[in-house]
Amino acid sequence: MLEILLDATVRAGTPILFATLGAIINERAGIINLGIEGLMLIGALAGFAGTSLSGSLLVGVLAAFGAAFLAGSIHALITVQLRGNQIVSGLALTMFGVGITALFGKGMVGLTIVGFKRVAIPGLSQLPIIGNAFFNQDLLIYFSFILVFLIWYFLYRTRWGLGLRSVGENPAAADTCGFSVSTYRFLAVTIGSGFVGIGGAYLSLASTPMWIENMTAGRGWIAVALVIFAGWSSPRAMLGAYLFGGITAMQLRFQAMGTTVSAHILQMLPYFFTLLVLVISTIRLKKGAGQQPEGLGLPYDREDRK
Amino acid sequence: MTDILQIENIRKTFPGVVALDNVSFSVAPGEIHTLLGENGAGKSTLMNVLTGLYHPDRGEINISGKQVHFTSPRDSLKCGIGMVHQHFMLVPAHSVFENILLALDDVPNFFNRSAYKEKIEKLIAEFDLELDLNLPVWKLSIGAQQWIELIKLLLRDCQLLILDEPTAVLTPQETERLFAVLQRLKGQGKSIIFISHKMREVMEISDRVTILKKGCSIATLARGDFDESKLAALMIGTDKVPQWQKSLQMSDELVLDIQNLSVQNDRGLADLDDFSLELKKGEILGIAGVAGNGQKALAEVLTGLKKTNQGKIMAGAEDITNSNARYSYIAGIAHIPEDRKTIGIAPDMDVADNLIMKSFKNRLFTSGIFQNKKAIRQNADDKIEQFAIKTGPDGTPVRYLSGGNIQKVIIARELSEHPTVLVALYPTRGLDIGSAEYVHKVIADGADRGMSTILIAEDLDELLKLSDRIAVMFRGKLIGYVDPRNTTREKIGLMMSGETPGDMS
Ligand SMILES: Nc1ncnc2c1ncn2[C@@H]1O[C@H](COP(=O)(O)OP(=O)(O)OP(=O)(O)O)[C@@H](O)[C@H]1O
Ligand SMILES: [Mg+2]
Numbered sequence: 431m432l433e434i435l436l437d438a439t440v441r442a443g444t445p446i447l448f449a450t451l452g453a454i455i456n457e458r459a460g461i462i463n464l465g466i467e468g469l470m471l472i473g474a475l476a477g478f479a480g481t482s483l484s485g486s487l488l489v490g491v492l493a494a495f496g497a498a499f500l501a502g503s504i505h506a507l508i509t510v511q512l513r514g515n516q517i518v519s520g521l522a523l524t525m526f527g528v529g530i531t532a533l534f535g536k537g538m539v540g541l542t543i544v545g546f547k548r549v550a551i552p553g554l555s556q557l558p559i560i561g562n563a564f565f566n567q568d569l570l571i572y573f574s575f576i577l578v579f580l581i582w583y584f585l586y587r588t589r590w591g592l593g594l595r596s597v598g599e600n601p602a603a604a605d606t607c608g609f610s611v612s613t614y615r616f617l618a619v620t621i622g623s624g625f626v627g628i629g630g631a632y633l634s635l636a637s638t639p640m641w642i643e644n645m646t647a648g649r650g651w652i653a654v655a656l657v658i659f660a661g662w663s664s665p666r667a668m669l670g671a672y673l674f675g676g677i678t679a680m681q682l683r684f685q686a687m688g689t690t691v692s693a694h695i696l697q698m699l700p701y702f703f704t705l706l707v708l709v710i711s712t713i714r715l716k717k718g719a720g721q722q723p724e725g726l727g728l729p730y731d732r733e734d735r736k
Numbered sequence: 048m049t050d051i052l053q054i055e056n057i058r059k060t061f062p063g064v065v066a067l068d069n070v071s072f073s074v075a076p077g078e079i080h081t082l083l084g085e086n087g088a089g090k091s092t093l094m095n096v097l098t099g100l101y102h103p104d105r106g107e108i109n110i111s112g113k114q115v116h117f118t119s120p121r122d123s124l125k126c127g128i129g130m131v132h133q134h135f136m137l138v139p140a141h142s143v144f145e146n147i148l149l150a151l152d153d154v155p156n157f158f159n160r161s162a163y164k165e166k167i168e169k170l171i172a173e174f175d176l177e178l179d180l181n182l183p184v185w186k187l188s189i190g191a192q193q194w195i196e197l198i199k200l201l202l203r204d205c206q207l208l209i210l211d212e213p214t215a216v217l218t219p220q221e222t223e224r225l226f227a228v229l230q231r232l233k234g235q236g237k238s239i240i241f242i243s244h245k246m247r248e249v250m251e252i253s254d255r256v257t258i259l260k261k262g263c264s265i266a267t268l269a270r271g272d273f274d275e276s277k278l279a280a281l282m283i284g285t286d287k288v289p290q291w292q293k294s295l296q297m298s299d300e301l302v303l304d305i306q307n308l309s310v311q312n313d314r315g316l317a318d319l320d321d322f323s324l325e326l327k328k329g330e331i332l333g334i335a336g337v338a339g340n341g342q343k344a345l346a347e348v349l350t351g352l353k354k355t356n357q358g359k360i361m362a363g364a365e366d367i368t369n370s371n372a373r374y375s376y377i378a379g380i381a382h383i384p385e386d387r388k389t390i391g392i393a394p395d396m397d398v399a400d401n402l403i404m405k406s407f408k409n410r411l412f413t414s415g416i417f418q419n420k421k422a423i424r425q426n427a428d429d430k431i432e433q434f435a436i437k438t439g440p441d442g443t444p445v446r447y448l449s450g451g452n453i454q455k456v457i458i459a460r461e462l463s464e465h466p467t468v469l470v471a472l473y474p475t476r477g478l479d480i481g482s483a484e485y486v487h488k489v490i491a492d493g494a495d496r497g498m499s500t501i502l503i504a505e506d507l508d509e510l511l512k513l514s515d516r517i518a519v520m521f522r523g524k525l526i527g528y529v530d531p532r533n534t535t536r537e538k539i540g541l542m543m544s545g546e547t548p549g550d551m552s
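Chains P and C supply the protein sequences, listed in that same order.
Under the working numbering, the letters of the first sequence match residues 431 to 736, in that order.
Under the working numbering, the letters of the second sequence match residues 48 to 552, in that order.
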C-alpha cells in the first residue's frame with residue numbers, strides 16, 4: 431500500500447518538480463516568471479506533437495524544451511532587454527500559452543503515442559518501500575533527480591552559478607565585477623523556461639500519453655508558489671513537489687476506493703494543502719533562512735542609482 | 048612617459064541635472080591623484096564614467112595614449128581599471144568568501160573551493176584583518192564591509208585603482224594601514240585616484256590634486272603648490288564657510304541619565320557593558336572611542352532601535368528605558384543613522400517628502416486630512432537653501448542625490464523638530480568641509496537654545512573643537528570624562544585603548 435502511494439507520489443510530483451526547478455533558475459537571476467503555467471502547456475503540446483510526428487520520445491522532450499525556451503525568450507526580451515514589468519509580462523505569457531496550445535492542439539486531440547516506460551535500476555529497485563518508487567521509474571524521472579543535483583551544484587559550486595546568484599541579489603555588484611547582467615538573466619529565463627517545458631511534457635509523454643486541452647490544470651501556479659516554499663533551493667523543491675504529488679496520490683486513492691466525498695473536493699486537496707504549507711513555511715521564513723533574492727523583480731539599469 | 052589616463056572634455060547629464068559639465072585631467076604612472084570637490088560636484092559620476100558604468104554625453108578617454116570607448120564595467124576592468132565605489136557593491140546575503148571570489152577574474156568555472164579559500168585567507172592575513180570568510184556580509188560592520196571592497200580591488204591586477212571615499216567609514220588607524228598599502232602600490236608603478244573630504248588625508252597622500260567644482264575641473268595642483276586653505280578656497284570659496292561661536296553656558300540640570308546599561312549584539316557579545324553616562328542641558332557631549340567599541344549600540348539604544356538587556360535610561364525623573372513615552376519624549380532624541388543609505392532615507396521619495404517624514408502629522412504640513420503640499424514644498428525649499436543641498440528638479444527621488452547630499456537631507460530632517468536631545472552618530476561622515484562646518488554650526492546653535500547633543504565621532508579634531516566634555520568608551524564601558532580644553536590627543540588616545548585616567552596621573 432505504502433509502496434503504491436509512494437510510487438504515485440513521485441509520478442504526480444515530477445511535472446511540478448521540473449516546473450519548480452525552472453522557475454528557481456529564473457528567480458535566482460532576479461526575474462519573476464508568472465508564465466510557468468503557459469510554458470508547461472507549451473511544453474506539453476510541443477512534446478506530444480514532437481513524439482507523435484517523429485515517433486521518438488527524445489525528439490518530443492527536445493521539442494518541449496525548445497518550444498518553451500523560445501516562448502521564454504519573449505519574457506526575457508521584455509523583462510531583461512526592455513526592462514518591462516515582470517508581473518505583467520509573465521501573466522501575458524501564461525495567457526499566450528493557454529491560447530496558443532488550445533489553437534494548435536485541436537489536431538492533436540484523440541491521437542495516441544507510446545509514452546515513457548519504466549526502466550528498473552538493477553539492485554536499487556529491489557530496496558524495500560522506496561525501491562519501486564524511486565528506482566523503477568521512467569527516464570524523465572531519473573533525469574529530474576540528476577537535474578536537482580546539477581542545479582544545486584551549478585549554483586553553489588561553479589563560478590557561473592555564483593555569477594547567476596549575484597545577478598539576482600545585487601546586479602550592480604555583479605556588473606562591476608565584470609559579469610554581464612543581461613546575458614546571465616536572458617539565459618536564466620530561457621533555459622529555466624525550457625525545463626518548465628519538460629515538466630509540461632512529462633504530463634503528455636508519461637503521466638497520460640495524450641494531449642488534452644489545458645492539461646496542466648493549474649500545476650504551473652503551484653510551481654510558482656513552491657519556489658517560495660523551497661526557499662529558492664533545488665533539493666527543497668523536490669520536497670515540495672512530492673508533497674503535492676503525495677496528496678494527489680492519496681486523493682486519487684480515495685476516489686478509487688469510492689468514498690462519498692465529492693470528487694471535486696478531493697481534487698482540490700493538493701492545491702489546498704500546498705497553499706497551507708506555503709503559508710506556514712513563509713511564516714518561518716521571516717525569521718531568516720531562505721530569503722528571496724534581493725534583486726527579485728527589479729529591472730537593472732546601470733545608470734539608475736539605487 | 049605617457050599618462051596612464053587622460054580624459055578630455057567629459058560631459059554627463061541626467062534628466063534635469065548636469066552632473067559633469069566639462070572635465071579634463073590626467074593621471075601619470077605611479078601617481079596618487081586626489082579628486083577634491085564639494086558634495087555633488089560630480090566626483091563619483093566622473094569615476095563611474097571612467098569605469099564604464101555611465102556613458103558620457105561627450106568627451107574622450109585615453110588609456111596609455113589610446114582612445115577607448117567603454118560600454119560596460121567589463122571593458123574598463125580589461126583595461127586594468129578597478130574601483131571601490133562610494134556605495135558598496137556587495138551582495139549582503141552572500142558570504143565574505145563569495146563576495147571576494149566574485150571579484151577575482153582568473154577563477155575557472157569549476158574551481159577548487161578550499162584552495163581558493165586558503166588563498167584568500169592568506170591575503171586577508173596580510174592586511175592584518177580579522178574577517179570570518181563564512182559570515183554573510185550583512186552581518187558585518189560598515190568598516191569591515193569597506194575592507195572587503197578594498198580587498199576585492201587589491202586582489203585584481205589593476206594598473207589604475209580608483210578609491211571613492213574609502214576612508215569615510217574607516218578609523219584613523221585603519222586609514223593609516225590603507226595608506227601604507229597605497230604607497231606600496233605606488234612604488235610598484237601603479238596609479239591611484241583617491242577621493243576624500245578629509246583634508247588631513249588629502250595633504251598626506253596626494254601627489255597631485257584636481258579640484259572639481261559644479262561639474263568642471265577648475266585646477267590641478269602638484270605637491271608643494273597646495274596647502275589646506277588654498278584647496279578649501281578653490282573648492283568652496285572661503286567666504287562661504289559658515290562662522291560660528293560656541294558659548295560656554297552649561298547648566299547642571301540633567302536631561303539624560305544613563306545607568307548601568309548592558310546590551311548584547313546578535314552574536315551574543317556585549318556591545319555595552321555596565322555603561323553609565325550623564326548628559327546635561329545645553330551640553331555637547333563628545334564620545335570618543337575606536338569604532339566598534341559600542342558607540343553604534345549606544346546610539347541605537349538611545350533612539351529605540353535596540354533593546355537593552357539591563358540598565359535604565361532616565362529623562363529627568365522619568366524612566367524611559369522601555370516606555371512608549373520615549374517615542375513622544377523622543378521628540379527629543381533624533382538620530383543620524385550610520386548607514387545613511389539604507390536606514391536614513393526613503394530612497395524613492397523626493398527631498399520634500401523625506402524632510403517631513405518625522406513631522407508629516409504636524410499641523411504645519413496638513414490641511415484637514417490632506418497634505419499641505421505648498422507648506423511641504425516651502426519647507427523643502429528653506430532646508431535646501433539652508434543646508435546647500437544639491438538636488439535635481441523638484442520631485443527627484445533622494446536616491447539620485449550624491450552621498451553627501453543624502454546625508455544633508457537626513458541632518459536637516461532630524462534637526463527640524465528642535466529636539467531636546469540629539470544623538471549624532473558620525474554626522475559629518477562624507478560631508479565636504481563647508482557642509483561639515485555647517486553641521487557643526489547647527490549643533491552649536493542648538494546648544495545655545497538648550498539642546499543637548501551626544502556627538503559620536505571618530506575624528507578627534509572634531510570632538511575637541513565642538514565638545515563641552517568628552518567621554519571615552521572602550522569595549523562597551525565608559526572609561527572616563529575629559530575636559531577638551533585641558534587635555535591632549537595622546538591622553539585621549541591612551542584612554543581609547545582602555546587605560547583609565549587613574550592609571551596615568
Ligand atoms: N544616476 C543618476 N541619476 C540622476 N542623477 C545623478 C545620478 N548620479 C549622479 N547624479 C547627480 O549628479 C550630481 C553629482 O553627483 P556625484 O555623486 O557625482 O557627486 P559627488 O561629487 O560624488 O558628491 P559626494 O561627495 O557627496 O559623494 C548630483 O547632483 C547627483 O544628484
Ligand atoms: Mg560621491
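Incorrect hints may appear among the rest.
To be verified - Partial pick of chain C residues on the chain P-facing surface, computed with a CB cut under 10 Å:
{"no.": "1", "residue": "135"}
{"no.": "2", "residue": "141"}
{"no.": "3", "residue": "145"}
{"no.": "4", "residue": "150"}
{"no.": "5", "residue": "394"}
{"no.": "6", "residue": "396"}
{"no.": "7", "residue": "434"}
{"no.": "8", "residue": "437"}
{"no.": "9", "residue": "440"}
{"no.": "10", "residue": "444"}
Said to hold, decoys possible - Reference excerpt, derived from the structure (chain P facing chain C, CB under 10 Å, subset only):
{"no.": "11", "residue": "562"}
{"no.": "12", "residue": "568"}
{"no.": "13", "residue": "573"}
{"no.": "14", "residue": "593"}
{"no.": "15", "residue": "595"}
{"no.": "16", "residue": "602"}
{"no.": "17", "residue": "609"}
{"no.": "18", "residue": "721"}
{"no.": "19", "residue": "724"}
{"no.": "20", "residue": "735"}
As the list claims (entries may be wrong) - What follows is a list of derived Cβ distance ranges for each label pair:
{"no.": "21", "chain 1": "C", "residue 1": "408", "chain 2": "P", "residue 2": "690", "range": "34 to 44 Å"}
{"no.": "22", "chain 1": "C", "residue 1": "406", "chain 2": "P", "residue 2": "727", "range": "30 to 40 Å"}
{"no.": "23", "chain 1": "C", "residue 1": "446", "chain 2": "P", "residue 2": "518", "range": "17 to 27 Å"}
{"no.": "24", "chain 1": "P", "residue 1": "735", "chain 2": "C", "residue 2": "404", "range": "43 to 53 Å"}
{"no.": "25", "chain 1": "C", "residue 1": "280", "chain 2": "P", "residue 2": "735", "range": "48 to 58 Å"}
Simulated from the structure, these hints should not be mistaken for lab results.
Quick reminder that beta carbons are idealized off the backbone N, C-alpha and C, glycines included.
For each hint, the structure was consulted:
1. 135: Hint on residue 135(C): holds, closest Cβ of chain P at ~8 Å, below 10 Å.
2. 141: Since the shortest Cβ distance to chain P is 7 Å, the answer is holds.
3. 145: Because about 6 Å separates residue 145(C) from the closest Cβ in chain P, which is inside the 10 Å limit, the hint holds.
4. 150: Cβ of residue 150(C) sits 5 Å from chain P, so the hint holds.
5. 394: holds (7 Å)
6. 396: violated (14 Å)
7. 434: violated (20 Å)
8. 437: Constraint on residue 437(C) not satisfied, violated at 14 Å.
9. 440: At 15 Å from the nearest chain P Cβ, residue 440(C) fails the 10 Å test, so the hint is violated.
10. 444: holds (9 Å)
11. 562: violated (36 Å)
12. 568: Interface hint status for residue 568(P): violated (30 Å vs cutoff 10 Å).
13. 573: At 22 Å from the nearest chain C Cβ, residue 573(P) fails the 10 Å test, so the hint is violated.
14. 593: holds (7 Å)
15. 595: holds (7 Å)
16. 602: Status holds, d = 6 Å.
17. 609: At 8 Å from the nearest chain C Cβ, residue 609(P) passes the 10 Å test, so the hint holds.
18. 721: holds (6 Å)
19. 724: Residue 724(P) check passes; min Cβ-Cβ to chain C is 6 Å, inside 10 Å.
20. 735: holds (5 Å)
21. 408(C) <-> 690(P): 34 to 44 Å: violated (60 Å)
22. 406(C) <-> 727(P): 30 to 40 Å: Holds - the Cβ-Cβ distance for residue 406(C) and residue 727(P), about 32 Å, lies within 30 to 40 Å.
23. 446(C) <-> 518(P): 17 to 27 Å: With Cβ atoms ~24 Å apart, the hint holds.
24. 735(P) <-> 404(C): 43 to 53 Å: violated (20 Å)
25. 280(C) <-> 735(P): 48 to 58 Å: The hint (48 to 58 Å, Cβ to Cβ) is violated, given that residue 280(C) and residue 735(P) are roughly 31 Å apart.
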